[in-house]
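Asks: Sequence order for the protein chains is A and B. Under our numbering, the first residue of the first sequence carries the number 789, and numbering increases by one thereafter. Under our numbering, the first residue of the second sequence carries the number -17, and numbering increases by one thereafter.
Simulated from the structure, these hints should not be mistaken for lab results. Where is the CB? At the ideal position from N, CA and C, for every residue including glycine. Worth double-checking, as some hints may not be accurate.
[Unchecked claim] Partial list, derived from the structure: chain B residues whose beta carbon lies under 10 Å from chain A:
| no. | residue |
| --- | --- |
| 1 | Thr323 |
| 2 | Leu324 |
| 3 | Glu331 |
Chain by chain, the residues run as shown.
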Amino acid sequence: MKRILLALVLCSSLVAIAADDDRYSDLGNKIQCSCGCGQILIKCNHVGCPSSDAMIRQLRTALNNYSNDEDVLNWFRRSYGMTIVVAPSTHGFELTIWILPIVLAAVGLLLLFLVTRRWRSEAAPVGVVQIDPKLEELRKRARKETEL
Amino acid sequence: MPLIGSFCLLFALVLSAYCFVVGIWALASGHPVASRLGETARRAGMATFIAVAVSALALVWAALNNDFSLAYILHHTNRDLPTAYKLAALWSGQEGSLLFWALLLSAYGFVLRLRYKVDPRLTAYASVVLAGIQVFFLALVNFGGNPFGVMDTVRADGLGLNPLLQYPEMVIHPPMLYLGYVGMSVPFAFGLAALIMKYPGEKWIHITRRWTMVAWLFLTCGIILGGHWAYGVLGWGGYWGWDPVEIASFLPWISATAFLHSVMMQEKRGMMKKWNVWLIFITFLLSIFGTLLTRSGLVQSVHAFAQSNIGVWFYIFLAVCFVVCGFFFIKNYSHLKSENTLDSLVSRESSFLLNNVVLLFACIAFLCGTLFPILTEFVKGYKISVGPPYFNALAVPIGLFLLFLTGVGPLLAWRMTSFASIRRNFAAPAVFAVVVAIVLIALGLRPWALGATGPFLHWDYLPSWLTRTLKPLAWVDSDYSFTLTALTLAAFVIGIIALEFYRGGRVLQHKLGTNLFGAMYWLTRRNTRRYGGYIVHFGVVVIMVGLAGATFNKDKEQEMGLGSKMQIGNYELIGQKYTEDDLPNYESQAAILDVYQHGKFLSTLYPALVVYKASQQPDHKVAIRSTLKEDLYVVYEGKNPDTDQPIIKAIVNPLVSWLWIGWLITVFGTLVALVPNAAQLKSPVSMPSLIQARPGERAFEPVGAAK
């Protein structure tokens, strides 16, 4: 019984560690190093960086303190300023940048639809043309010879 | 020599101003001497190149001779700087790079004016447009950022070149990028010229096609070389970071790519004239915008090696260009009327249209992401950052859709494609793609089992019942799903391209009595544009395969003393030795690491950390063991001050070599497409003319001849 309990505890802690690693990687990729190198925090590796080690420790602590990812990012925003997070928030004005591509895509598709509709309406109606059997024979031969 | 350089710069400005003003007068005036004056304007334009070249040579001469009386040379070179990097000093700083831009523009203008006989009147108009651009850049170099500024006191040695720029690719990456940026001025000049003079027909497109392709090729090379430089120098194991300046180089590339595709609709069917004119205008404006971003400090960027207050020059120039383009577009709107319409939604035209909409969407969305921090500051009073999470979320689905179109588009027929034709052309590649997908899944690429989630499905913003319902589908937008899709689509497109070559080769094989490969060679020679295009598409597919590998990156960092071991992926690294060196330009610390795989010795790597003496800036010398399967990327990060032990970071980057191979294939394909067709080697481009009709028949007009 003791072994089973131990195994369960071990399994659940492994799952928790994996989840923490995912959060660490996910959020670490949304924060940039504050030293001015412009690199993503968990990829910042330039020599003598005065910031990244401390910030990574802070990230780990914040992951433990906050269960919500947005709270972790907000902690960094409060501590280092708004530019520290490179993934725009999905709230308030910053939501605009996430919505904009969808609006653009919709407008693009609408324009495409309107343009094609206009072109098609302008196109001269093509009457049903009687296919010349000789021509069709030649076409078949050409297809056969070119294997198209 | 600096005095000569400075004088030549001023003289070049006078010459280009003469070319611009007299050129306009000669074109607008009906005076008898107008044509002779126009000829002097053309020659003045050509002489501008000589004057700017002498000026650039003077600056290079100053760099090679350590003339630290010039502020520019003092700030960008030092005595022990290797000669190649002294040459690169020409484009390493702001003033020099503006001079370099002016030099390249004058060189393009020289060739354009030299080949004026291809169409004297169109070339005269284009020459005036180019002269206008040249006047702006020469005025900027003379009065906004003159590289011949003299120091009050002469120092014994210079401050050295930025260490990040001391890398062989830095000698060629910026020139390639500039050749691309500046090269876009030529099709822009021809496009605007054709619009101003209401040029009949599409000959201007034939003339500019090669110019556009050459500029596109240079831009492609510049972007990829920049990625390769970042990969080899910056030491973070990546090649693209969605930095604003990187995006700035990517935007004109996207619009130029759209132009190269949509222009075919104008050539073949006289369609999309308005769209094409704006595409080429936008491409040029974006290339100027890229320079503005790099040089003005408008947005924060690690690439903004030089910043100053010259931004206002660019704002004014961009505004003037936009107004001029808009004015002539409205004035000559009726000239741009389409001659044909879309016959079917399933046709080559519709695929080009879709391709263009997607590319332009990407262009606008990336531009918005780049400028959004400025907008936020304006609206909310604070600046934010928009980085890889946003751009990757957009780029991946766009890239996949374009990959799909890359395969489908070329096989659709002009005007209309029948269902039978679709089935005939796509069945085999689709089966091949499905087989590849099954093999990948069998090999373990099962997104649903790998437990990752992606950027689109933000569960916490949905109602809880919907979140619970959709949770099992969280893998759908994960990196693994995109990778599986990308590799499957890559197989589909490769299948289509291979089938195209095979079918065409088989037909020629019987005709020529040669083997299949010989037939494929002749097939390509006979239609270089089409088959060169297929090769370019193949190169893009290979690049996509290289990009898809990033999903499986692994990295590890640890202190490694002598004899210490690090295990990453299948590799085992063992610290053999740590050395220090003192060279004239820099001091270095290096690690000597033996690499083993499954107990078998593979090679020895030498990652190093160097400190440049002149600037006292540290820099990585990354060690990379590259194979077709993956790269082992090792960085010496320095010593831990607490333990005095070296810190080594190792990254395994799968498939990254395919990125560079794909680039080479793309370059090769573009070069093939630039070669004239074998059957047309001696046939010059002819002016479109009305075919004489027999009495009672309607005259046949060539595509594009409508007014």
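Asks: I'd like to know which numbered hints this structure contradicts. Please list them from smallest to largest.
Replies: none
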